[in-house]
Each structure stands twice: as C-alpha cells, then as structure tokens.
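There are 2 protein chains.
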Amino acid sequence: MPRSTSKPASPKSASAKPTSPKPTVLDKLINSPLAAKAGVPQGYPLRRYSPGQPPLEHPVVLGGHGRLVADLTQLLESDYQLMNASADTPRGAIVFDATALETPQDLRELYDFFHPQLKKLAPCARLLVIGPRPTTAAQPLAHITARALEGFTRSLAKEMRKGATVNLIHVDPQTTATHLESTLRFFLSGRSAFVDGQVVHVGSTDLADAPSPAQPADSADAAPPAPLTGRLAVVTGAARGIGATIAEVLARDGAQVICIDVPGAGEHLAATANRVKGTALPLDVTAPDAAATIASHAQDRYGRAVDVLVHNAGITRDKLLVNMDATQWDQVLAVNLFAPVRITQQLLEADGLAPGAAVVGVSSMAGISGNRGQTNYATTKAGIIGLVDALYEPLAAHNSTINAVAPGFIETAMTAAMPTGPREVGRRINSLQQAGQPVDVAETVAYFAAAASRAVSGNTVRVCGQNMMGA
Amino acid sequence: MPRSTSKPASPKSASAKPTSPKPTVLDKLINSPLAAKAGVPQGYPLRRYSPGQPPLEHPVVLGGHGRLVADLTQLLESDYQLMNASADTPRGAIVFDATALETPQDLRELYDFFHPQLKKLAPCARLLVIGPRPTTAAQPLAHITARALEGFTRSLAKEMRKGATVNLIHVDPQTTATHLESTLRFFLSGRSAFVDGQVVHVGSTDLADAPSPAQPADSADAAPPAPLTGRLAVVTGAARGIGATIAEVLARDGAQVICIDVPGAGEHLAATANRVKGTALPLDVTAPDAAATIASHAQDRYGRAVDVLVHNAGITRDKLLVNMDATQWDQVLAVNLFAPVRITQQLLEADGLAPGAAVVGVSSMAGISGNRGQTNYATTKAGIIGLVDALYEPLAAHNSTINAVAPGFIETAMTAAMPTGPREVGRRINSLQQAGQPVDVAETVAYFAAAASRAVSGNTVRVCGQNMMGA
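Same order as they appear, the protein sequences are chains A and B. Quick note: the first sequence uses the UniProt record's numbering, first residue 1, plus one each step. Quick note: the second sequence uses the UniProt record's numbering, first residue 1, plus one each step.
Just chain A, same shape as in the assembly:
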C-alpha cells in the first residue's frame, strides 16, 4: 500500500520518489535490540533466495491422501529431501494434499495431520495446503469443505513464528503435479518470503508446448537453471525503487529486460538498464502510442515480440476526495489504470505479445481494502484486479497469462519518508511483524513471469506478510 507523504518529483513514475531521509535517533531506537527486549516486535530474519542456494535446508513432510500425493512425492523427491511425518527432526516444509477432503467431517484430517507437526518446524518453514478450488467442486459438501480450508490456513498463518508461512493452493480437477511445479518451487524457496496467508489458484493449462528451462536437477544441491532464460521482458517504472528491483530479478532469472520510465528519469533509467544488461526506453506510458513504441523497440533491438509485460509504473496524489482537485484524480487514473489497460490491449491486438506471454499488473493492498486519502489510487488498483479478471480469457486464448501482485508495506524510499509512528506501526501489523523488501515483490513477479507458470493465471496475490488490513 504505497502512500506518499509528499509529492513525488516526477509526475509519471513510481520510482521517481523522494530519497530516504536519514533515520532519526527514534527511528533507530525503535528498530533496535533494546526495543526488542522491551517487547517491540522486530520480526524474524526471513530466508530469501539467492542463486545457487539449496532449495531447502531441511526436509519436507508430505501429508494427506489426495489424488496428487503420488505425483507430488515424485516431484518433491527430485529436488528436495522427503521425510517421515513421525520423525522428530526439523521440517523445512510441510505440504498437505487436501484434495481428498469431501465433507466437512473430513476436515478433521487437518487437525490430525498438522497438530503434531507444529512443534518441529525449522525457522522460515513453509506450510502449504493444496485443495480444490471451491467453485470446481462437483458436490455442495465438497464445495463447503474446500472453502473451509481458507479459514484454516489464514488462521494457522497467524499462529506461526520465526518467519514460517502458510499458504493455500487451489487446484482444478485436471491440475497435475506438473502444473504445480513452478508454484511449489516458488513457495518452498526463499522467493516467497513475504507471501503469507494467501490463496493462489493453479489451473490445468496444457504445458506441452511451453519451453521448460527448469530441468529437474540430478542432485539436491545443484543450482536450478534460470527459469526466465530466453524470455524478453518489459518493466515500466524501472528507473528506481520496486521497478528497478523487478528488472534486476527478471535479469537474474535469465530474462532480457527492456527498462521503461519517463524521459525525466534520466540517468537512473540508464543505470538500471546497464545493471541488468538490458535496454533503456524512455517513454511516457500514458502516450497514445506507447504500445506501438514498445513493440517497435522490442522488434528493433531484439527482433521479437514481448514475453513478459510488467505494469509497475504508478503514482500517488493523496488527498481526501473532498479536497482533491480534478488533476490529482486524472493523473493517477491515467498512469495507474488507463496506461496498463491500453498497453496490454494494444500489444495483444497488434501481436506485440508473444504467444505464451505473461502480463503482470501491480495492484495494492489499498486496491483491496480501500485507503483513506486514496480514492483515486485505490480506484486504479482495484481496476488492476479487474484487468486481471477481465483479460484472463482473452489471454488464455493467446496461450498467455495475466496476474497481479498486491504489495503491502514494503521498504521503499516512499515508506521511509513516512512519519515515524505510522511507519513503525505499518511495518509491524502483519503476521511476520516486519516490512517486506522490494525483492519480495519482484520474486513474485518473476514467479508469474516464468514459462513454467503457464497454468498460473487470473490471480491477484498479496505480498504483504499477511498484513491485517483487508476488505
């Protein structure tokens, strides 16, 4: 929920924000070990991803007796170490296949399985429940049972300590372990550090013709191959902040990256582009020909259409509606909503998106829950959720995906500039009791961007540490 307390320097870029002010003595104190001793939550240092690290430092317990267990066993054995549910050593992750739960009475299996596991979690453990998407259930009782899982996972996520997370994965009747692979890889790794208490749907799109850079490794500690190898990505608002980090993470994962920001962003844009060995495209995303410009740049420089389109550029003009002038409304709507909608539709219509493309929007917690002083911003961020829902089908017909991230409280120059009180509360009112990092948003974007995530579409996923703010 980015919320600036002062006007950004540039009107068209989320990244052109005021630089962080120096922390005051109070700022330092409240984040110090002394404050921790006095009971101010400091959060547990989260496990984050770096290339070459082992997928998990502790083994995985697989539970449940659903239709996916056999294939999940095979899949997990190839990259992780599986362990017996009754062993006493620490678990790095727990995966429960709930697809066999068909009546509310069956929910008792959740208790029976999880209750004895909880004292044996390694720090930053990952708990995943895989259950049917409720609306795909054939019978009302199965629908009710599937829907109940969400109350369980969201509550259990709030009971975790030491950086452990709990998430729910919804599957269709035709979803296989192969469709789930990129999602399991994301959630079990440090990439999902700040995604907690959420629900992600994995469908059953045919993956036969998807490029598969993610070959099973021969041994558990072999580095996984770069999942975005061969993909051409576009990131708007890439000069600084979260956008720059998204460009870096996509490049780290093997993508070639076209970095876009307003012409005024100047050397920051070039710096990002050089850092990621990509190209810089100074461009006002609100220009009527922005999509054509992007498509031309992709053709001229790379000889191809775009595989990954990340709509990160966004601005805020916070005012109570009663005090807002029309320009403040118009600017925010133009950059945050009209531009992503127009660019996506025009690229799609003009073959500027390659088949198998991934479009990723950036929504916000404010787009879900609303926010005082942000009627304009929240309208656009709710609109991005609408963009995902509305273009899901046209993009599926194009063999492509669309998803969005909805960041919660993330450490940026913008949040650093907030007054101490609201900032320190904002950092801590989530289950992980700390702010997220830009890389957490970027890792989630990279998960959506991968060709291996072809079956993942139509999601708006909060990257918020299970922030208590909601709708």
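Because the hints were derived from the structure by calculation, they are not lab data. Cβ atoms here follow ideal geometry from the backbone N, Cα and C, with glycine treated the same way. Incorrect hints may have been included.
Computed footprint of chain A on chain B, listed as stretches where at least three residues anywhere in the stretch have a Cβ under 8 Å from a Cβ of chain A [to be verified]:
(1) 114-120
(2) 144-156
(3) 330-343
(4) 359-373
(5) 378-388
The hints should help you fit chain B onto chain A, whose structure is shown.
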C-alpha cells in the same frame, strides 16, 4: 469476530456466554468524554432504526445517468424526499447509478459527482454506488471499470466522519429498481448503521409471486409496514446474546419465531420466546434428527414449513493449534459447521423449507481473515461462506435465498469479558471507530429474511463498521 477469553458455560450455544463483568475504572475512563478530549476516538452516535421513524430526516441526492435512474427516481420519490444535487442543504443520502460507466475514463464521473457533495452531508448520511457486477460485464473495459468502483467506495468509506457510510451495490444486467427496493430501504435506514465499506449483490430473481408486505407509504412519515409479516422464522442459539436480539428484530418486523437453544439454556430460552411471542424449542443442533425435530415443531405449532432459517448457534474453543486437543476441534466443527450444513440440506430435502424461504448463516470476520488461536472457529466460519456459495443454486431452484452475515467487533457479554487493551483497540479499529451492537447484526439478518429480498442471495456481508482486519 467473537473470541471468548474463557470457556462458555454451555457447550452448544453461543448465547450461553459468561455475563458481562462490571466495567473497571479504566474501562469507564477510556470511553469517557475526558478520553475523547485527549484524542481517544469515541465514534459518532449512530442512527439506528426504530419502528415509526421517518425513513430519512434529510433528502436524497440521486446521481449518475445509468439505466436505473428513471426507475430509482420513481422509487425514491415514493418514500423519500429527493433534492437537487446542486442545492446547499444537508443530504441524508446520496445514491449514484454507475451502470452507465463503461470505460476506465468514465470513472471521472465519480469524482465529478461526489467531490462537490461531500461538504454537505448530514450526520449518519448514507452513500450508495450502484454498479454492474463485474463478471456480468459484456466487454473487458466495462468489467475493469465495474471492478474499479470497489476501490473507490472502500476508500471513500474510510474518509467519512459522523457516522456516514459508503457501500457498493452490484447489479446484474436484468436487475431493476424493484429488485433493489428492499436493499435501498435497508441501506438508507438506520438498520444498516454498522454495515460500511461493503459490497452487496442484488440479482434479478422474478418477484412476481413474492408476497409484498412493503406497500409504498402514502406520505413520507407513515410507518413502513412490517416486512416479515406472515413469515415463520427459526433462530438457533436464541436464548441470549446476538441470537436473542435476532429473534426480537424478526418478531418486531412481523415474523413468528421459533427460538432454539440447547436444553441447558433453560429459562433464558423461554424468556426470549415469551418476549417475542414465539415458541421455545430446546434442541441440540448437532443431533442427527435436529432438522426433523424443527420441521415437526413448525408443523405441530404453526401448521406449516419454515420461511426463515437463521443459523446463529456457535461456540468457540480458542487454542493455538499446537496446543489444541481433538475435542476442541470436534466441538466447534460440530456446532458451527456440521449442524448448519445438515439442517439446511435436510430441511430442503424434506420440504421443511417453504418455497420463497431465506436461509441466513452467521459467518465471522475470522472466517474471512483468519484469527490466531481460532483455526477451528475460522475453519467453520469460512465453511459458512462455502455453504452460502454452494447452496445458492439449489436454493434458487427452490425459489429461496441464502446469505450470511459476518460480524466484526460487536458489544456482547463475550467481548465485554475481553481484557481492556485488546477490547478497546478492537472497538476502535474500524471506520466508525466504535463497536457494533447485536441489533446491527440482527437488522442485517432481517433484511436477508424479508420476502422482498428475494433477489438478494449468495452474499456474505460483513457487519463490522469497515473493520480494518481482512484477508
């Protein structure tokens, strides 16, 4: 989000809770005018409904130019006073027909219309936006636009002061002003005092054969006729607390009420039944033959099937899952989830529900967002949302409806027994900066229960003052 801090006296009834402890000096102080002066939010006294009061003390502004405006004008003119949008006198309510907004650019009409209205709101004003249900939009742009409305209304709700609320009503392409009538009546009145920042869907079910006790009044200050006249209602957990209040409000609105609670509830159940001039049925809702017992009672005492079925009975057994014993899981699941599911299905199958019936579940904020220490409770309350979703179609085929309320922080014996700190924070972390009353939940149940609400089905509506806790 009821959460007991001590075990209730009786195992099978939400209403058999500890009685309120005496407020301490601190409790009184923090809710005093002195604390208000020191900046502790006390909330604005909310307008609540009492029979015979005028529908609104100030006129209504109707805006927008959607397909519903002409019929809404006629409908509102019959019961309310309409006023010109440019007049300077206080508005009691503002209704905006957003069904004509078809592209994101059209959203500017929200700004143009609402911005000048906001300085002229009467206390406890009601703001309503009526927009298309996004999934019914024919075009992607219209879908995106409709979805964006929710970011606007949820944000604007957070900007209101003095008890004013903002809600969004989703309509289908076939929904008419007639379908909307009971919903407008609810939201414009004091009945909806604690429903804020929410979304309610109104469909287009044929109302031709629905009894219509709500005749248009001849003059603005005539008492509206009782909307539940002729309906037979069942309320579980009716001995005390919210259940007793639901029984009272349904009776006030003209229903005959069968009051159910566990046999141990004793004189409290009889007291409720006598107060509402109904009948008492001591019954363990988890008994396998509970539905048959209810149907027999309805036949024996009233010679008919049930019109309104309110699943209010619920219990808590709060424990972290790691410390929870199996009995605590089983008891909560049995009362809160198995019983409502079984009773609804069995009554439906055995013609114990009259055609045109309304089933109302009681979910909880915890069922939406999860809650630490309530894996069992939240699982059941998410399951109630599943019950609504799963039985929507079978009940529609029966010409009947199903909806649920999801209470936030409500003043009950249970919340009164909470420690001062969490209770006083819990009371205030919503847009109305105060706890709700049991009657607020009951009024929402009564809205769903009315025959005039036949087009309102499939909703889980939070009664939470737009509590900031969410998913």
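Against the structure, the hints come out as follows:
no., hint, result
1, 114-120, "holds (count 4)"
2, 144-156, "holds (count 13)"
3, 330-343, "holds (count 5)"
4, 359-373, "holds (count 8)"
5, 378-388, "holds (count 9)"
Comparing the model with each earlier hint shows no violations; every hint is respected.
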